[in-house]
Amino acid sequence: MEVLSGLGSMGHSLLGYVIPFLFVLTLVVFFHELGHFWVARRAGVRVLTFSLGFGPELYGFNDKHGTRWRLAAIPLGGYVKFYGDEDAASTPDPQKLAAMTPAERKESFFYQPLRWRAAIVAAGPIANFILAIVIFTFVFMVFGRQVSAPRVDQVSPASAAERAGFKPGDLVLTIDGAPVESFADMQRVVGSGAGTALAFTVDRGGEKVNLSATPELREMKDAFGNVHRMGMLGISRSLAAADVTTRRYGPVEAVTMGAQETWFVVARTFDYLGGLISGRESADQLGGPIRIAQVSGQVATFGFGALLSLAAVLSVSIGLLNLFPIPLLDGGHLMFYAIEAVRGHPLSARAQDIGFRIGLAIVLMLMVFATWNDVVHIATM
Numbered sequence: 001m002e003v004l005s006g007l008g009s010m011g012h013s014l015l016g017y018v019i020p021f022l023f024v025l026t027l028v029v030f031f032h033e034l035g036h037f038w039v040a041r042r043a044g045v046r047v048l049t050f051s052l053g054f055g056p057e058l059y060g061f062n063d064k065h066g067t068r069w070r071l072a073a074i075p076l077g078g079y080v081k082f083y084g085d086e087d088a089a090s091t092p093d094p095q096k097l098a099a100m101t102p103a104e105r106k107e108s109f110f111y112q113p114l115r116w117r118a119a120i121v122a123a124g125p126i127a128n129f130i131l132a133i134v135i136f137t138f139v140f141m142v143f144g145r146q147v148s149a150p151r152v153d154q155v156s157p158a159s160a161a162e163r164a165g166f167k168p169g170d171l172v173l174t175i176d177g178a179p180v181e182s183f184a185d186m187q188r189v190v191g192s193g194a195g196t197a198l199a200f201t202v203d204r205g206g207e208k209v210n211l212s213a214t215p216e217l218r219e220m221k222d223a224f225g226n227v228h229r230m231g232m233l234g235i236s237r238s239l240a241a242a243d244v245t246t247r248r249y250g251p252v253e254a255v256t257m258g259a260q261e262t263w264f265v266v267a268r269t270f271d272y273l274g275g276l277i278s279g280r281e282s283a284d285q286l287g288g289p290i291r292i293a294q295v296s297g298q299v300a301t302f303g304f305g306a307l308l309s310l311a312a313v314l315s316v317s318i319g320l321l322n323l324f325p326i327p328l329l330d331g332g333h334l335m336f337y338a339i340e341a342v343r344g345h346p347l348s349a350r351a352q353d354i355g356f357r358i359g360l361a362i363v364l365m366l367m368v369f370a371t372w373n374d375v376v377h378i379a380t381m
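Each residue of the sequence shown is one higher than the one before, counting from 1 in the UniProt record's numbering.
Bear in mind the hints are in silico, worked out from the structure with no lab data behind them.
It should be emphasised that the depicted structure is a prediction, and the values quoted were computed from it without experimental measurement.
Ideal Cβ placement from N, Cα and C applies to all residues, glycine included.
One thing to keep in mind: the hints can contain errors.
[As the list claims (entries may be wrong)] Okay, derived cross-link-like pairs now, PhoX-like style, lysine-lysine, Cα gap no bigger than 25 Å in a straight line:
1) K167 with K106
2) K64 with K81
3) K81 with K106
4) K96 with K64
5) K96 with K106
[As the list claims (entries may be wrong)] Have a look at the derived ranges for each label pair, beta carbon to beta carbon:
6) M100 with M365: 55 to 63 Å
7) G303 with H345: 53 to 61 Å
8) M367 with Y59: 34 to 42 Å
9) G55 with G303: 43 to 51 Å
10) R218 with G274: 14 to 22 Å
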């Protein structure tokens, strides 16, 4: 009976990760591919396949335009295949292209004007950014967010905050001249500012005091045991009832905040990449599908609003990743189109094929590296 109970608990735990993971990833992938699909239809391109996932088809149907909508067995992405494509990566099929009639060429992605091809490719990442803004807007309007005043409760001994002169009860007003509305806002600035001197203005008993503090790069574990590297001052927030409120926002303010939240994820990503290059950040923070599944299950325990926010963050990340100029990704296609615009004609089929092979190798190496990080992360928890 104990064995059966243990198996039941394991199955319940597994479902607790799998279901949130599938919800988050499917939502993000669907809208990414929908961006490609929608603009392609506007351009008159025939769409052969709209697939969620890869591999064997689990369920599918054909719409009135002849597009095969399919749900596949491996839920780690998706693709839209256009008329004239050789494969799901939208590499052209030379034999099919050469044999096309003029009428068929009008429906082929390859023979579209450069501006339409670029628009179709860019539409996927753009759809991801739009989705993120919409989700964040919805969360701010419906669920709101808990706002803690940027008030210092305690200062850790020998910390950056103590050296800077912070005192319990200080209310942070600005950092480097920018207003600070909540403790979370302060954490974001401090978290990405390790090793950088920041200028603080605090309210201390009605008097404005200017302080300078340099956050220290520290490792911290969250409630689920995940390790994060970020800048820290060594202060804790005030939990007094007067300093903690839940705020919901109107449509206009929520949209503005949704756009700001989306931009923050973009900026934080570039800051992390810059940290990798400079050696300030570690590559072990890069995660793959296993980490996404783990985090999805963990975040789901906080409620549906938190899971939606994770989907928004993941949507921005996928949109941004796809814009990197790596052949095989959307950014790689856009890079080829930029070269075509400059040269007046596209690269040779041979050059593009070599580019796609290099891109595939890079993507596979990143996937293997991220998966290895995931395994090590789980093994050391």
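Checking each numbered hint in turn, tell me which of them this model violates, lowest number first. The structure conflicts with hints 1, 6, 8, 9, although it agrees with all the remaining ones.
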